[in-house]
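Participant: Read off the chains here:
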Amino acid sequence: DAGVTQSPTHLIKTRGQQVTLRCSPKSGHDTVSWYQQALGQGPQFIFQYYEEEERQRGNFPDRFSGHQFPNYSSELNVNALLLGDSALYLCASSYGTGATDTQYFGPGTRLTVL
Amino acid sequence: KQEVTQIPAALSVPEGENLVLNCSFTDSAIYNLQWFRQDPGKGLTSLLLIQSSQREQTSGRLNASLDKSSGRSTLYIAASQPGDSATYLCAVSHGQNFVFGPGTRLSVLP
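So the sequences go chain by chain: H and X.
Converting from the first sequence to this note's numbering requires adding 390 to each position, the first position being numbered 1.
Converting from the second sequence to this note's numbering requires adding 65 to each position, the first position being numbered 1.
Please keep in mind that the hints were generated in silico from the structure rather than gathered at the bench.
One or more hints might be untrue.
Label pairs and their calculated CB-CB ranges [as the list claims (entries may be wrong)]:
1) X/Asp92 with H/Phe450: 18 to 26 Å
2) X/Lys66 with H/Leu472: 41 to 49 Å
3) X/Ile72 with H/Arg412: 19 to 27 Å
4) H/Gln407 with X/Ser118: 44 to 52 Å
5) H/Gln407 with X/Asp92: 23 to 31 Å
6) X/Asp92 with H/Gln431: 32 to 40 Å
7) X/Arg126 with H/Gln407: 32 to 40 Å
8) H/Asn461 with X/Ile72: 37 to 45 Å
9) H/Ala470 with X/Asp104: 31 to 39 Å
10) X/Arg126 with H/Arg412: 44 to 52 Å
11) H/Asp452 with X/Asp92: 22 to 30 Å
Ideal Cβ placement from N, Cα and C applies to all residues, glycine included.
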């Protein structure tokens, strides 16, 4: 059973560019959450997708947007990249949006903005 | 706004020692608390999940406790091994997302 997968593994962009990160949830899961983890810090919640809709959003600007497809996979898009967007981007999946559900995390995508 | 802190920020111990990592949170109205392990540059591995109605969970050499009223959780690691070296993160859930602490970086020396 494949766990949560993310692509690409690493990405280098320059300021002002746009980037798309991808996530496939664990088999049987229908909910995808995205987190940003800056170096030396804990992950911060960006947003969560369920039934192809954004259900909850953290304190991130509109430059961060997402999408969920009918097969439950998800994309995170970041526009007008800033140096401060350099981070490890983690995707987590779960079944439903229940508060007691365990989230399973992918290996992350390391984004470097030059 | 929920805030999660972890003490200590870093810890170095000789192999074989028992150790305790601490996690504190400001809002006790949580649904659950989860401890994760993160190896350098990698994703998160779930270690233990404690529901709000539970007091503790155990898995092998790991034991996690939860005291909601005081806003505290501890992760106890018995007989530490060099392979336990990693960053340990606690996270609390209010519903649809986790709020993470900054982590404790653990080094177990052979």
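Participant: Next, verify each hint and record whether it holds.
Facilitator: For each hint, the structure was consulted:
Look at X/Asp92 against H/Phe450: about 21 Å separates their beta carbons, and that is inside 18 to 26 Å. Taking 41 to 49 Å as the suggested C-beta distance range, the pair X/Lys66 and H/Leu472 does not conform, at roughly 24 Å. The hint said 19 to 27 Å for the Cβ distance between X/Ile72 and H/Arg412, and at roughly 36 Å that hint is violated. Here the CB-CB span from H/Gln407 to X/Ser118 is close to 47 Å, well matched to the stated 44 to 52 Å.
Here the CB-CB span from H/Gln407 to X/Asp92 is close to 38 Å, at odds with the stated 23 to 31 Å. Roughly 20 Å separates the CB atoms of X/Asp92 and H/Gln431, a value that falls outside the hinted 32 to 40 Å. In this structure the supplied range 32 to 40 Å is violated for X/Arg126 paired with H/Gln407, their Cβ-Cβ distance being about 46 Å. A C-beta distance of roughly 42 Å is found between H/Asn461 and X/Ile72, which places it inside the suggested range of 37 to 45 Å.
At about 32 Å, the CB distance of H/Ala470 to X/Asp104 agrees with the hint of 31 to 39 Å. Take X/Arg126 and H/Arg412: their Cβ atoms lie about 36 Å apart, and the range 44 to 52 Å is violated. Roughly 27 Å separates the CB atoms of H/Asp452 and X/Asp92, a value that falls within the hinted 22 to 30 Å.
Of the hints listed earlier, those the structure fails to meet are numbers 2, 3, 5, 6, 7, 10, in rising order.
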